Amino acid sequence: MTAQQRAEALSQLRWIRAVSLIEGSTLLLLVLVAVPLKHVAGLPVATRIMGPVHGLAFLTYGWMLIRTIAGGGWSRADIMRLTIAALIPFGAFVNERALARRQAMLAASWSISG
Amino acid sequence: MVYLWLKALHVAAVLIWTGGLLVAALATTRASKLGADASLIETIQRFDARVTSPAMFVVWGAGLALAMLGQWFPSPWLIVKLAIVVLLSALHGVLAATLRRRSLRDPSPPPGWLRHAPVAIMASLSAIAVLVVVKPF
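Read top to bottom, the protein sequences are chains A and B. The numbering used here puts the last residue of the first sequence at 255; the count rises by one with no breaks. The numbering used here puts the last residue of the second sequence at 412; the count rises by one with no breaks.
Just so you know, these hints were derived from the structure itself, not from any lab. Heads up, a few of these hints could be off.
Said to hold, decoys possible - Just the calculated beta-carbon pair ranges, DEER-fashion:
{"id": "1", "chain 1": "B", "residue 1": "V394", "chain 2": "A", "residue 2": "A182", "range": "45 to 53 Å"}
{"id": "2", "chain 1": "A", "residue 1": "A248", "chain 2": "B", "residue 2": "P329", "range": "37 to 45 Å"}
{"id": "3", "chain 1": "B", "residue 1": "R390", "chain 2": "A", "residue 2": "R155", "range": "31 to 39 Å"}
{"id": "4", "chain 1": "B", "residue 1": "A365", "chain 2": "A", "residue 2": "R155", "range": "47 to 55 Å"}
{"id": "5", "chain 1": "A", "residue 1": "W156", "chain 2": "B", "residue 2": "I359", "range": "37 to 45 Å"}
{"id": "6", "chain 1": "B", "residue 1": "M397", "chain 2": "A", "residue 2": "A182", "range": "26 to 34 Å"}
{"id": "7", "chain 1": "A", "residue 1": "W156", "chain 2": "B", "residue 2": "G345", "range": "26 to 34 Å"}
{"id": "8", "chain 1": "B", "residue 1": "D312", "chain 2": "A", "residue 2": "R238", "range": "17 to 25 Å"}
{"id": "9", "chain 1": "A", "residue 1": "G183", "chain 2": "B", "residue 2": "F322", "range": "32 to 40 Å"}
{"id": "10", "chain 1": "A", "residue 1": "L173", "chain 2": "B", "residue 2": "F412", "range": "32 to 40 Å"}
Quantities reported herein were computed from a predicted structural model and do not represent experimental measurements. The beta carbon of each residue, even a glycine, is placed where N, CA and C say it ideally should be.
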């Protein structure tokens, strides 16, 4: 892997980590705040706002996931984890730690070879 | 009035996104036939990152807002259109990754099925035009 390829891979990992956190946070806000507000407090506006916000975050994560995976270098288990993480509450936060480890390993291998 | 401005923004973003998507598809699949050199691929990759991809996010955002303001959910034509847009977005993701690999001089060949991308994009856009204008169901 050339220095430029590694820099690109690191940049991509940073982006998908950030988007994963946003996607996970909006899912929690939707499930733990907006849905109870709708059903308990009678405020359907909460889900009318959070639903599309989470929808956009989910689509963005899905798109970045496809772009990242299509770039190559991911095992089938990694792909499964990255996909499932978007579907379950708190999954994104576990995923973010795994992505951070991969980013640290890539950065470390760069500094060793560099 | 807001609806019309959003519609104009959505259509403008669609034109920019799909134009960039077709260029990316042609550059990815026909680069050698077109005689494209590395600097042209790099230029197209940068255009994709700075213009085509942001345009796609504007398409999604404005489109979602239009569907909500116009109370178009859950019209069947819109659901089918959304499915096509999701598939086009996924194709864009693969094309963006392939372009980036090419711009980094990665010698691995693109997936074989990508050669159908330009035709698939044009067929999808035609289907979307019919769905949006005629609203057949």
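How the hints compare with the structure:
1. B:V394 / A:A182: 45 to 53 Å: 51 Å, holds
2. A:A248 / B:P329: 37 to 45 Å: 27 Å, violated
3. B:R390 / A:R155: 31 to 39 Å: The hinted range 31 to 39 Å holds for R390 of chain B and R155 of chain A, with Cβ atoms some 32 Å apart.
4. B:A365 / A:R155: 47 to 55 Å: 22 Å, violated
5. A:W156 / B:I359: 37 to 45 Å: For W156 of chain A and I359 of chain B the Cβ distance comes to about 26 Å; the hint is violated.
6. B:M397 / A:A182: 26 to 34 Å: 49 Å, violated
7. A:W156 / B:G345: 26 to 34 Å: Holds, at about 32 Å.
8. B:D312 / A:R238: 17 to 25 Å: 42 Å, violated
9. A:G183 / B:F322: 32 to 40 Å: The hinted range 32 to 40 Å is violated for G183 of chain A and F322 of chain B, with Cβ atoms some 49 Å apart.
10. A:L173 / B:F412: 32 to 40 Å: Since the Cβ atoms of L173 of chain A and F412 of chain B sit about 37 Å apart, the hinted range of 32 to 40 Å holds.
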